[in-house]
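Novice: Single-letter residue listing:
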Amino acid sequence: MALLELQNLKKYFATQKAVDDISLHVEQGQIFGLLGPNGAGKTTLIRMITGIFYPDEGSILFDGKKFDPIKDVGKIGYMPEERGLYKKMKIGEQAMYLAQLKGLSHSEAQSKIKKWFARFEMDSWWNKKVEDLSKGMGQKLQFVTTVLHEPKLIILDEPFSGLDPVNSNLIKDEIFNLSRNGATIIFSTHRMEQVEEICNHIALVNKGQKILDGTVKQVKQDYKENLYSIGLNRSLIEVSELAPFTLAGTREDSLIIKIKDGHTPNEVLRFVLDQGLSIHAFNEILPSLNDIFIKLVEGTPTARQFQPVQA
Amino acid sequence: MNKIWIIIKREYLTRVRKKTFIISTLLFPLLYMGLIFGMGFIAEKSKQSLHVALIDSSGYFTEEKIMAQNLADNSSLITLVKAKPEAVMADHKAAGYDGYLVIPSLDWKTGSDSLVFKADKSYGSGSTAAVEAKLNRIWSAIKNDSLQIDGEKQKILSQRLQVSSYNIKDEKANAKTAEGIGYVSGFLIYLILLIYGSQVMMGVMEEKTNRIAEVIVSSVKPFQMMLGKILGIGLVALTQFFLWIAFVLIVYNVGIASSSSGMVSQMVGTMQKIFSSVNMPLILFCFGFYFLAGFFFYASLYGAIGSAVNEDMREAQSLSFPITMLVIISIAMMSSAIADPTGPVAVWGSIIPISSPIVMMARIPFGAPGTVPWWQLGLSMGLLILSFMFTVWFAGKIYRTGILMYGKKPTWKEMIKWAFRKN
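Sequence order for the protein chains is A and B. Start counting at 1 in the first sequence, then tack on 397, and there's your number in our numbering. Start counting at 1 in the second sequence, then tack on 1164, and there's your number in our numbering.
Be aware that a few hints might be false.
A few chain A positions that, by computed beta-carbon distances, are all more than 10 angstroms from chain B [to be verified]: (1) Ile467; (2) Pro477; (3) Met486; (4) Asn566; (5) Glu571; (6) Thr643; (7) Gly673; (8) His677.
DSBU-like, lysine-lysine: derived pairs with alpha carbons at most 35 angstroms apart [said to hold, decoys possible]: (9) Lys512(A) - Lys484(A); (10) Lys1246(B) - Lys472(A); (11) Lys1246(B) - Lys485(A); (12) Lys462(A) - Lys485(A); (13) Lys1285(B) - Lys511(A).
Facing chain A, from chain B, some residues (calculated, C-beta under 10 angstroms) [said to hold, decoys possible]: (14) Lys1173; (15) Lys1182; (16) Arg1324; (17) Ser1328; (18) Glu1370; (19) Val1384.
Calculated from the structure, these hints are not laboratory results. Glycine included, each C-beta is placed from N, C-alpha and C at the ideal position.
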């Protein structure tokens, strides 16, 4: 069942169509990657989902009902890209304050903070001030305050920036954990290797419009170019007109081939075997999300141009 | 609603628990009293008792008359030089004088207004005034002798008529006391508006600089966030006030308890006289009202500026300059309102919401409805309520856009555009 359903959302600013008719469908329990170059409209989209902006047009369904920012913000946890904490405030009080703003009672908040602090080995931090923390420690605290109230929907904008690999893994494991426990996660980033690792569904946004939407597997299938790598006992082979493939490049001890339209890998193998060559490896090369991203976004100017908008 | 309380609580507690709050609350009354007493003390100290050589060519000044005055008043010492006046004039220091004064040959009926006290350095007017006063008393004695006026007649001659103003509509208002209370309360509101107004601005800027604004607005409406901040800081200001009032009351009661000591009991007496000579409940009520309403009016504008600028303090200063100017103009209007509490500046200044918190507070002690008719007070309060509701709404609109904007500093024109945008 869809936890979040965006229907034809639009948000125009004075000089820009920040979000121009985007529809999305996020299933319960999904880890959903929201991708896009800088200035694509991701943040504006997220701000509408978190109730910070009202959409100009379109509607948002949350948990099957029309999204009501005042009631539903307690069920959402949002870690913005521009994030921070009160520097002079004690860490325990800070977490308590943010939890209470999300609607938790004092005692509820207290026990949950204790639990999370213990989990992240932050017990001794309670009376420290935020300004005493390193960037990574602050990031961990920020993550805890985001998920503390057990939101149904967690939105993380570049959650790993500034984290070392150890702490990144810690947070990553928690993300999987939360997802297993039924939370839905929207994950926004530019780091494609993280997306491949974490997300099961992605949407790509560019210039305020959705240009790609699907599971990671499906997207890769859709954008594959019939490339295979084949390992042979010779580094060069004759490729005649009759061959069912063309040569696309070479790697260290294998060749990269592109299968011609209408042919199958089996035909390729048969062709190679017929030539008396021995094969020690053969596998399909799927495009990385990075490649797909660059391919789709390439050609758009790196910075969005300002344009007059007729709403 | 509940969330605003949480915000108010945080804003209030983080500020009240700060050391600077405790220190400033304790130090302000001490500094204030220190300033008043210290100034008096320094003025007293800097007065010098001058030893003046009097070189008399008129023959009126006798040793006896001078001695009589020297005995009565030791703020200066006048010595009549009989022998070798040239030696004194050549070097008064060597002769043991601070300076000398030459009385030309003059007629007792016309006197002289051009006597010069000559000395090798400059003395303050406080020191020379004492000499002048003593000299004039001697001169009076000389004239009295010449006119053959005895002690009885002198008493009659020194009688004076005194005039003080009395408002027949307000039995209580006493101009001098009213002036004092007007000054103090107007000035306190001025301080509150500037100090706590800029605290609101800094608080909002802090949220932007720390990048916590977006985290918070994903939980509460920006308007609640702003209102919570203004109310929380307003409560801090109120707390500080109550502490000062408590401080005064403690001093007052301790004074009553130990009224044996002369100076303190005199102070207590003066305070009792002050409190009974004006309409204290009305003044306190108006103070509370204008303090809060004026604070809302200005703090919301300061908050809007804080939301619009980036971390740069200079940007904030240049944008808040017009607002600060309004407060400063109000305090300038206050002076003329106190000098003439029913004049046009006072009346208009106390009705227009921009200046009414300060100017009306300066007028109120003169009495209502005598000096301030009820309709003026009502109109002033009504307009101020409407205006602060407007500025809070207006600031809320700017705040909502500004708090999430980073980059270029907006102009006032752009900010006004934000406020009137549809959504």
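Novice: Against this structure, judge whether each hint is valid.
Specialist: Against the structure, the hints come out as follows:
1. Ile467: 8 angstroms, violated
2. Pro477: Non-interface label on proline 477(A) violated, nearest chain B Cβ at 4 angstroms vs cutoff 10 angstroms.
3. Met486: Not fine: 7 angstroms to the nearest Cβ puts methionine 486(A) too close to chain B.
4. Asn566: 24 angstroms, holds
5. Glu571: 18 angstroms, holds
6. Thr643: 50 angstroms, holds
7. Gly673: 66 angstroms, holds
8. His677: 54 angstroms, holds
9. Lys512(A) - Lys484(A): Holds: lysine 512(A) and lysine 484(A) sit about 23 angstroms apart, inside 35 angstroms.
10. Lys1246(B) - Lys472(A): 102 angstroms, violated
11. Lys1246(B) - Lys485(A): 78 angstroms, violated
12. Lys462(A) - Lys485(A): 40 angstroms, violated
13. Lys1285(B) - Lys511(A): With Cα atoms ~76 angstroms apart, lysine 1285(B) and lysine 511(A) exceed 35 angstroms; violated.
14. Lys1173: With a minimum Cβ separation of about 9 angstroms from chain A (threshold 10 angstroms), the hint on lysine 1173(B) holds.
15. Lys1182: 9 angstroms, holds
16. Arg1324: Violated, about 63 angstroms.
17. Ser1328: Violated: closest Cβ of chain A sits about 54 angstroms from serine 1328(B), beyond 10 angstroms.
18. Glu1370: 8 angstroms, holds
19. Val1384: This interface hint holds because 6 angstroms falls under the 10 angstroms limit.
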